[in-house]
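For the protein sequence lines, the chains are P and C, in the order given. One gets the numbering used here by counting positions in the first sequence from 1 and adding 12 to each. One gets the numbering used here by counting positions in the second sequence from 1 and adding 64 to each.
One or more hints might be untrue.
What the hints assert, rightly or not - Quick partial rundown of chain P residues pointing at chain C, CB under 8 Å, derived from the structure: (1) Gly-50; (2) Arg-53; (3) Ser-94; (4) Ile-125; (5) Glu-128; (6) His-153; (7) Arg-154; (8) Ile-157; (9) Glu-184; (10) Leu-189; (11) Lys-242.
Claimed, not checked - Straight-line alpha carbon distances no greater than 30 Å define the calculated BS3-like cross-link-like pairs of lysine-lysine that follow: (12) Lys-293(C) with Lys-206(P); (13) Lys-141(P) with Lys-242(P); (14) Lys-223(P) with Lys-141(P); (15) Lys-121(C) with Lys-87(C); (16) Lys-87(C) with Lys-74(C); (17) Lys-161(P) with Lys-121(C).
No lab work stands behind these hints: they were computed from the structure. The beta carbon of each residue, even a glycine, is placed where N, CA and C say it ideally should be.
Here is how the chains run, residue by residue.
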Amino acid sequence: MPKYFDPHIHMLCRTTDDYQNMAAAGILGVIEPAFWQGQARTCVGSFVDYFDTLLGWERFRASMFGIHHFSAIGLNPKEANSPSIAAEVLDILPRYLGRDGVVAVGEIGYDDITPEEDLFLARQLELAKQFNLPVLIHTPHRDKIGGTKRTLAVIREVGIAEHMVIIDHLNEVTLPLVLESDCWRGHSVYPNTKMSEQRMVALLQEYGTEKMVVNSAADWGISDPLKVPKTGQAMRDAGFTDAQVEQVLFHNAVDFFAQSGQMDKQIVSTPLAIDQRRQWQNNSALRGQEPVVE
Amino acid sequence: MNLENSLEIKHQALIDLQEYFIKHLEHALLPWWQQALDQIQQTPDIHKVMQLSSQCKRYFNDDPTLSLYNNLVWSPLRLARLLLLTQALIQQPVDTQQTFLHQAFAWVDDQEKISILKVINWLDNSGCCLDLVQQAGRTSNSQLFAAIALNNAYPMHHYTERAFHQLILKALSMSLEIQHMVGLAEHRGPVLNQLALELLEEQLAADRAISDDLIHLVAFSLLTSAQRKYLEDLCLQRRLAPIWQDHLVKVRGSERLIVS
Ligand SMILES: [Zn+2]
């Protein structure tokens, strides 16, 4: 079984079954980018607790199932539009960007493509530059072409190295725009929208595997945390070799985020040893089961 | 008093709504309604509104049977709650009305938010709550979003061109009937043409069905010749519904008339 890595998934919204199925399907590690909650937060405190939960409880939960968990921390595009809270969130970001397990600034970018989103995208790219961290950029659902062009323009204005940036949720019309840059190319394979396994395979056939990254972007909506291994199967069905599958679905993602200096490729290449006797703040993910210890 | 922060409430519209509500009210409910209004008149604060509003469910049904002004459908329950809130709102000193509305909006549930947004154009004629409305529009609740986007003149009066275009695109992505957007016709033009054609290109590239309503975004007479050629080619390849072809033919026909 090839090694897999899902570099964009919101595990906080998922169940322990998902963790078990992902581990069984060969997913060795995940990156969980901070994003919105399905509704707007009303104070900076709820960002503090959210970021702390990602780096604490959720990372612990992943470890209970043998999965390496890393986070990208940032102010999501939608909430850049609440200027007073957004400014406070920017002030607390520096205390997270150096923390253990934080491998990127993200997910940031455009939603409605407003002036406020412009401002907070640029400011967070500056922060990434200061902390020498990779950046995960979300492209918008609406006016996707315009939004992608503008994203590339802001990256150049700020002057962050393009190889430190991954532009995500690309499709047939936005990928060619990013191919003209040195940025990495992210694709979210989703049950209905965004991108299917077959369309993903077609893009890999047309444009090759260099800097191409695939994720499930699974969250609390209808989505599938096994889309990375399922894309692996679709690639094999289409004649890609196991080495090519692993290149796209493991190495590319890991190589990109390892630029943070916070992620050791050697370590994430083997499953995390499980010790379910461990606890987090006196809390366990077990409910009366016999703890698994490897 | 800071006029920049005042709502400019359209009082007559609210009076009409109140009268309409009472006219359709069951006789037996009139005493409760009257005492509820009296209580608000005596204590027009948000706590009183919330307390009385919570009692409305015991008295009024939630069947969408009332309809006043085009396309605004109400249930007695929703209208009662809205009227209690607006009663308290108009009794606030003018310079604190905006603060009151923001606070009320933060406290109520989505159903009441929808009611407020449906009449936001009457409550905030000046546009000083634009921020609140735009924040509310970031929802993924399509009913709440529809309260802003459809049959509502507020966006047309107060949104920037760019924000209005985003409103249209989001309405389209939520499969709302965008013909009911007030001001859609006025916003058709070269920018919207380009956005529509880019969306079309994306949907075709993804082998996805073309949104039925996408065609309503396009000002056919303002397409560039390259854009027109692009659409004509797609029609020839039978990748677009015949109605696209009809529009293209119509534009060409009217141009011939002008030339001759
Ligand atoms: Zn995401």
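Hint status (Cβ of His-153(P) to nearest Cβ of chain C, threshold 8 Å): holds (6 Å)
Quick one, is the Arg-53(P) hint okay against chain C at 8 Å, beta carbons? Since chain C brings no Cβ nearer than about 12 Å to Arg-53(P), farther than 8 Å, the hint is violated.
Checking hints one by one. Is Arg-154(P) an interface residue toward chain C, by the C-beta closer than 8 Å rule? holds (4 Å)
Does the alpha-carbon distance linking Lys-223(P) and Lys-141(P) stay inside the 30 Å limit? holds (20 Å)
Under the criterion of a CB-CB separation shorter than 8 Å, is Lys-242(P) in contact with chain C as hinted? violated (18 Å)
Taken at face value, is the distance from the CA of Lys-206(P) to the CA of Lys-293(C) at most 30 Å? Within the cut-off at roughly 28 Å; holds.
Status of the hint placing Ile-125(P) at chain C (closest C-beta pair under 8 Å): Constraint on Ile-125(P) satisfied, holds at 7 Å.
Does the nearest C-beta of chain C fall within a distance shorter than 8 Å of the C-beta of Leu-189(P)? This hint is violated: Leu-189(P) lies away from chain C, its Cβ roughly 12 Å from the closest one there, beyond 8 Å.
Given the hinted pair Lys-121(C) and Lys-87(C), is their Cα-Cα distance within 30 Å? With a Cα-Cα distance of about 19 Å, the restraint between Lys-121(C) and Lys-87(C) holds, given a limit of 30 Å.
Given the hint that Lys-161(P) pairs with Lys-121(C), test it: the Cα-Cα distance must not exceed 30 Å. Cα-Cα ~50 Å, so violated.
Below or equal to 30 Å on CA atoms is what counts here, so check Lys-87(C) against Lys-74(C). Holds - the C-alpha atoms of Lys-74(C) and Lys-87(C) are around 21 Å apart, at most 30 Å.
Interface hint compliance - Ile-157(P) to chain C, C-beta minimum distance less than 8 Å: holds (5 Å)
Checked against the numbered hints listed earlier, the structure breaks hints 2, 5, 10, 11, 13 and 17; every other hint is satisfied.
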